[in-house]
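There are 2 protein chains.
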Amino acid sequence: MESTTRLLLPEVTAALNTDPTSLVELTEEMLPADLADLTSALELDLARTLVRALPVEISARLIEHLDEEFRRELFVDLVSEALPTAVAITDEMAPDDRADLLGELEPEQRQAVLADLDPEESKDIRTLLAYEEDSAGSIMTTDFVSLASNETVAESIEQVRRTAREMETVYSAYAVDSHGTLLGVVSLRDLVTAPETATVEEIMNPNIVTADAEEDQEEVARLIAKYDLLALPVVDRTHRIVGIVTVDDVIDVVEEEATEDAQRMGAVEPIEQPYMTTPLLGLVRARAPWLVILFVAQFLTGAVLAHYTDVLGLEDPERVVATAAMLMWFVPLIISSGGNAGSQSATLVIRAMAVGEVEPKDALRILGKELAVGLTLGVLLAAFGVARILFFDELTSVAAMGMTMAFSVMGVVVVGALLGAGIPLLLERIGVDPAVSSTPFIASLVDIAGLVIYFEIARSLLF
Amino acid sequence: MESTTRLLLPEVTAALNTDPTSLVELTEEMLPADLADLTSALELDLARTLVRALPVEISARLIEHLDEEFRRELFVDLVSEALPTAVAITDEMAPDDRADLLGELEPEQRQAVLADLDPEESKDIRTLLAYEEDSAGSIMTTDFVSLASNETVAESIEQVRRTAREMETVYSAYAVDSHGTLLGVVSLRDLVTAPETATVEEIMNPNIVTADAEEDQEEVARLIAKYDLLALPVVDRTHRIVGIVTVDDVIDVVEEEATEDAQRMGAVEPIEQPYMTTPLLGLVRARAPWLVILFVAQFLTGAVLAHYTDVLGLEDPERVVATAAMLMWFVPLIISSGGNAGSQSATLVIRAMAVGEVEPKDALRILGKELAVGLTLGVLLAAFGVARILFFDELTSVAAMGMTMAFSVMGVVVVGALLGAGIPLLLERIGVDPAVSSTPFIASLVDIAGLVIYFEIARSLLF
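Protein sequences appear in the order of chains A and B.
Position 77 of the first sequence, counting from 1, maps to 76 under numbering that gives the first Met the number 0, and the rest follow consecutively.
Position 176 of the second sequence, counting from 1, maps to 175 under numbering that gives the first Met the number 0, and the rest follow consecutively.
Just chain A, with the same shape it has in the complex (with noise of 0.2 angstroms):
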């Protein structure tokens, strides 16, 4: 809770017991930002009661700050109460908020809103709602300035004036032809500082960068970031634009394929909603199928034990079965040393894809690297898993056993490195998201590869 909210909060239930209007004094002063963080924190049918109070344009202000699921909620509840209010407010919201919005009603709340819209407004959304979802035109809005090439710098500062209040950002317009096809672009710094005189064409920039409808936000968001822009143009198959992308909503997708990527890479699906408000089961189902992988993934490791608890045993039963139970001491800490190894590995490499710094091209370099940094990372923990052994009381064989450790850490580090560095370029390479090779599922194979590694080792150094 921010502070504007924990000291309004008191002051704001009350109001809305008795008299709401006195609000809209109250709030007039705050950005929409705080309000709707104020609002959060009131119980459901308070909001209401001050969604409802508030002149219509605050209210839209208000809920386009709100998170996802209490704007839901809420707007849910206002439509079924005070349909004609929800109207208001839908028309008063920016074209990408409010469809947004409308996609996560239920169709006959979504139906009875978009009949009471106004019918250009209502074929908007629903244009809108068509963009398959993290699309680019799935998060553009469709109010922009777009100026005939041949108006004048006066025209286009009128119109610009004129049209200010409703549009997303002016800070950045289109300058189209009679079809409407996209021929550059003209920021609002340069209509203040050209001549008055001057045409559109002739002050625009017609090397404009743009994403088609269908691209991936990802893309859309990685062309802002590069190319510093406050509005990225989104433009149909003939280059019509048809809307555009503004900087802040590329905040959100930044950081929502940041979660997304997160949760990949801890072995979770990702969670559409909050944390807080996902559903028991809706954690279950993100988790479970990971979950279940992994575990048969493991089966493996209990089969490759058995197999070398037979092959050992088979050799001098007596003194075998001391070093047996002396070798499985060591398990759990070898093949987790390949298993962190991997992980890290891993991390890195995933990363460096995501924000574009290496591709499964620079597979040679990398493997190549991971190499002399997993080699001297196992020089370096074999030395500390040998002093383990030096100072562990219950060993027989003392320095067959140090062998063995040094050997085995040593190779199964390198062996974590490789793997956690290699899985994700070669899913990369065939088209699946390197995230998927989570930190786990990157263990869960080296300890695979660790226990085969270390048994032979073994094998060779103690019998």
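Possibly wrong hints are sitting among the right ones.
Cβ-to-Cβ under 7 angstroms is the rule here; a few derived chain B residues that face chain A [stated by the list, open to error]:
id, residue
1, Leu187
2, Gly265
3, Ala324
Calculated from the model, a selection of chain A residues having no Cβ within reach of chain B, i.e. all distances over 10 angstroms [to be verified]:
id, residue
4, Thr12
5, Pro83
6, Met203
7, Thr346
Below, a list of computed lysine to aspartate or glutamate pairs in the DMTMM-like style, where the Cα atoms sit at most 20 angstroms apart [unchecked claim]:
id, chain 1, residue 1, chain 2, residue 2
8, B, Lys225, A, Glu28
9, B, Lys225, B, Asp215
10, A, Lys225, B, Asp99
11, B, Lys225, A, Asp251
12, A, Lys122, A, Asp96
13, A, Lys225, B, Asp251
14, B, Lys225, A, Asp96
15, B, Lys122, B, Asp96
16, B, Lys225, B, Glu201
17, A, Lys225, B, Glu254
18, A, Lys225, B, Glu68
19, B, Lys360, A, Glu42
20, B, Lys225, B, Glu268
21, B, Lys225, B, Glu254
22, B, Lys225, A, Glu27
23, B, Lys225, A, Asp99
24, A, Lys225, B, Glu67
25, A, Lys225, B, Glu27
26, A, Lys122, A, Glu150
27, A, Lys225, B, Glu255
28, A, Lys225, B, Asp215
29, A, Lys225, B, Asp66
30, B, Lys225, A, Glu254
31, B, Lys225, A, Asp90
32, B, Lys122, B, Glu150
33, B, Lys122, B, Asp76
34, B, Lys225, A, Glu67
35, A, Lys225, B, Glu28
36, A, Lys225, B, Asp247
37, B, Lys225, A, Asp247
38, B, Lys225, A, Glu68
39, B, Lys225, A, Asp66
40, B, Lys122, B, Glu91
These aren't lab readings, by the way, just hints derived from the structure by calculation.
Glycine included, every Cβ here is placed at the ideal spot set by N, Cα and C.
Here the structure of chain A is known, so what remains is to put chain B in place on it, guided by the hints.
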């Protein structure tokens, strides 16, 4: 490599070797980010030739868009070989970018450039360099539009028009009194829509969001994202405006912070440079500390295993040896299931805290949720575990072993989920970055807890 770069590279390389000035025309049409891409694809000496051949203001934009490492190398050579060009380019660069660039140079080189710069610019750079890394002051720019509060709109527009070219953004201007104290914000949108005779004071919004110069860049990014700002004013202790942070820098901060979190969660100390340009030793230094800590922590698993071999061996030497071996086979399976469940919980909770969805004070509700999720997942995995026992050929006492498996998996998964969620919450509560409770760290802790749970259950059911 972007397609523009791939297309132009041969032509540009040829021109650089024969007639570098012929490139001026070609590159005039290019966007700075594309020009930077192209430059990065060249050999360092050709890149330097290109930068020297282009007009200073184009080279400045180009250098602003280069990757940190390439930019530093290029500039170091430029300072030694062509100091006047280096100084002229520095003079043209945006204040925040050039302070970053000079900050990366050796002190003598930095001095050489600063000494030849205009004294005022030089002082400005020194001031920016004095701010702590990752503070608002270190990422802000000092080129912003400030308007006297008693100016008229017409005068302000004229001022914006005159200074637009040098400013990072003209879309947010800041109203100040005669001492430079920040009074309000005026958008260019407000200016072009307001009557020409109104004063700045009349049209400004006095309700401003600001950051102190010492504020962490993560908080700056959070504020810009929350309030959908194009720029955030940075103030000193007396509320005088000292700079602004623009939204395009925030995207970089969000990406950088996500990378740092991802690396910490993968048990890697954040590396400052891109993976490919980080030297071997840098990678080892980022990875060795955690790897060693985790390795030493795993020493405990050996002690626990040795302990139970002892304890169990005391009771019935004949039967025990086979049973103990059998128990050992399932150690990696059991402990990894707890580690994986814990990694999932940690990922969800750490990310939810990073984006501000949950706080330590939600701990009880989160742990309640994890208990329920853990139990559900535990029962599910237990079913697979029992199936595994039934199909494992080498086992004796299948019924008791099946029960041991079922109860152990349930217990370990529940403990994993609780520790995975609880430890990050605890760390955040005591002021430590929760991302350091990396996936491997949680897994290691759960390994030890898992062994104790498994052997205690085995001891009461099997012996």
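Here's how the hints hold up against the structure:
With 7 angstroms as the threshold, the beta carbon of leucine 187 (chain B) comes within range of chain A, its nearest partner Cβ sitting at about 6 angstroms, so the hint holds. Using the Cβ-Cβ criterion of 7 angstroms, the hint placing glycine 265 (chain B) at the interface with chain A is satisfied: the shortest such distance is roughly 3 angstroms. Checking alanine 324 (chain B) against chain A: minimum C-beta separation of about 5 angstroms stays under 7 angstroms; hint holds. No Cβ of chain B approaches the Cβ of threonine 12 (chain A) within 10 angstroms, the least distance being about 20 angstroms, so the stated non-interface status holds.
Once the 10 angstroms rule is applied to beta carbons, proline 83 (chain A) is consistent with being away from chain B; the minimum gap is 28 angstroms. Against the 10 angstroms criterion, methionine 203 (chain A) stays outside the reach of chain B, whose nearest CB is about 13 angstroms from its own CB. Some Cβ of chain B comes within 10 angstroms of the Cβ of threonine 346 (chain A); the nearest lies about 3 angstroms off, and the non-interface call is violated. Of the supplied pair hints, the one linking lysine 225 (chain B) and glutamate 28 (chain A) holds, its CA atoms being roughly 17 angstroms apart against a limit of 20 angstroms.
Restraint check: the Cα-Cα separation between lysine 225 (chain B) and aspartate 215 (chain B) comes to about 16 angstroms, which is no more than 20 angstroms; the hinted pair holds. Under the criterion of a C-alpha separation no larger than 20 angstroms, the hint pairing lysine 225 (chain A) with aspartate 99 (chain B) is consistent with the structure, at around 18 angstroms. As the CA atoms of lysine 225 (chain B) and aspartate 251 (chain A) are separated by approximately 10 angstroms, the hinted pair is consistent with the 20 angstroms bound. For the given pair, lysine 122 (chain A) sits about 15 angstroms from aspartate 96 (chain A) by alpha-carbon distance, which is consistent with the 20 angstroms threshold.
Of the pairs offered as hints, the one joining lysine 225 (chain A) and aspartate 251 (chain B) holds, with about 10 angstroms between alpha carbons and a cut-off of 20 angstroms not exceeded. With a C-alpha separation of about 15 angstroms, the suggested pair lysine 225 (chain B) and aspartate 96 (chain A) falls inside the 20 angstroms cut-off, and the hint holds. Restraint check: the Cα-Cα separation between lysine 122 (chain B) and aspartate 96 (chain B) comes to about 15 angstroms, which is no more than 20 angstroms; the hinted pair holds. Simply put, lysine 225 (chain B) and glutamate 201 (chain B) have alpha-carbon atoms about 26 angstroms apart, too far for the 20 angstroms limit, and the pair is violated.
Straight-line distance between C-alpha atoms of lysine 225 (chain A) and glutamate 254 (chain B) comes to about 12 angstroms, which keeps the hinted pair within the 20 angstroms bound. Between lysine 225 (chain A) and glutamate 68 (chain B) the alpha-carbon distance is near 17 angstroms, which keeps this suggested pair within the 20 angstroms criterion. Of the pairs offered as hints, the one joining lysine 360 (chain B) and glutamate 42 (chain A) holds, with about 19 angstroms between alpha carbons and a cut-off of 20 angstroms not exceeded. Restraint check for lysine 225 (chain B) and glutamate 268 (chain B): not satisfied, since their Cα atoms lie roughly 29 angstroms apart, outside the 20 angstroms limit.
Restraint check for lysine 225 (chain B) and glutamate 254 (chain B): satisfied, since their Cα atoms lie roughly 16 angstroms apart, inside the 20 angstroms limit. Taken as a hint, the lysine 225 (chain B) and glutamate 27 (chain A) pair is honoured in the structure, with Cα atoms around 18 angstroms apart against an allowance of 20 angstroms. Restraint check for lysine 225 (chain B) and aspartate 99 (chain A): the C-alpha separation of about 18 angstroms stays at or below 20 angstroms, so the hint holds. At roughly 14 angstroms between alpha-carbon atoms, lysine 225 (chain A) and glutamate 67 (chain B) fall within 20 angstroms of each other, so this suggested pair holds.
Taken as a hint, the lysine 225 (chain A) and glutamate 27 (chain B) pair is honoured in the structure, with Cα atoms around 18 angstroms apart against an allowance of 20 angstroms. The straight-line distance between the Cα atoms of lysine 122 (chain A) and glutamate 150 (chain A) is roughly 29 angstroms, outside the 20 angstroms bound, and the hint therefore fails. Annotation: proposed proximity of lysine 225 (chain A) to glutamate 255 (chain B) holds, straight-line Cα distance about 14 angstroms (limit 20 angstroms). The straight-line distance between the Cα atoms of lysine 225 (chain A) and aspartate 215 (chain B) is roughly 24 angstroms, outside the 20 angstroms bound, and the hint therefore fails.
Note on lysine 225 (chain A) and aspartate 66 (chain B): the hinted pairing holds, with a Cα-Cα distance of about 11 angstroms set against a maximum of 20 angstroms. For the hint pairing lysine 225 (chain B) with glutamate 254 (chain A), the CA-to-CA distance comes to about 12 angstroms; that is within 20 angstroms, so the pair holds. Our distance criterion of 20 angstroms between C-alpha atoms is broken by lysine 225 (chain B) and aspartate 90 (chain A), whose separation comes to about 23 angstroms. Only pairs whose Cα atoms come within 20 angstroms are accepted, and lysine 122 (chain B) paired with glutamate 150 (chain B) is rejected, the gap being roughly 29 angstroms.
Our distance criterion of 20 angstroms between C-alpha atoms is broken by lysine 122 (chain B) and aspartate 76 (chain B), whose separation comes to about 24 angstroms. Between lysine 225 (chain B) and glutamate 67 (chain A) the CA atoms are separated by roughly 14 angstroms; this keeps the pair inside 20 angstroms, and the hint holds. Restraint check for lysine 225 (chain A) and glutamate 28 (chain B): satisfied, since their Cα atoms lie roughly 17 angstroms apart, inside the 20 angstroms limit. Straight-line distance between C-alpha atoms of lysine 225 (chain A) and aspartate 247 (chain B) comes to about 9 angstroms, which keeps the hinted pair within the 20 angstroms bound.
Simply put, lysine 225 (chain B) and aspartate 247 (chain A) have alpha-carbon atoms about 9 angstroms apart, close enough for the 20 angstroms limit, and the pair holds. About 17 angstroms separates the Cα atoms of lysine 225 (chain B) and glutamate 68 (chain A), which keeps this hinted pair within 20 angstroms; it holds. Using a Cα cut-off of 20 angstroms, the hinted pair lysine 225 (chain B) and aspartate 66 (chain A) holds, with the two alpha carbons roughly 11 angstroms apart. Pair hint lysine 122 (chain B) plus glutamate 91 (chain B) holds up; C-alpha atoms about 15 angstroms apart against a cutoff of 20 angstroms.
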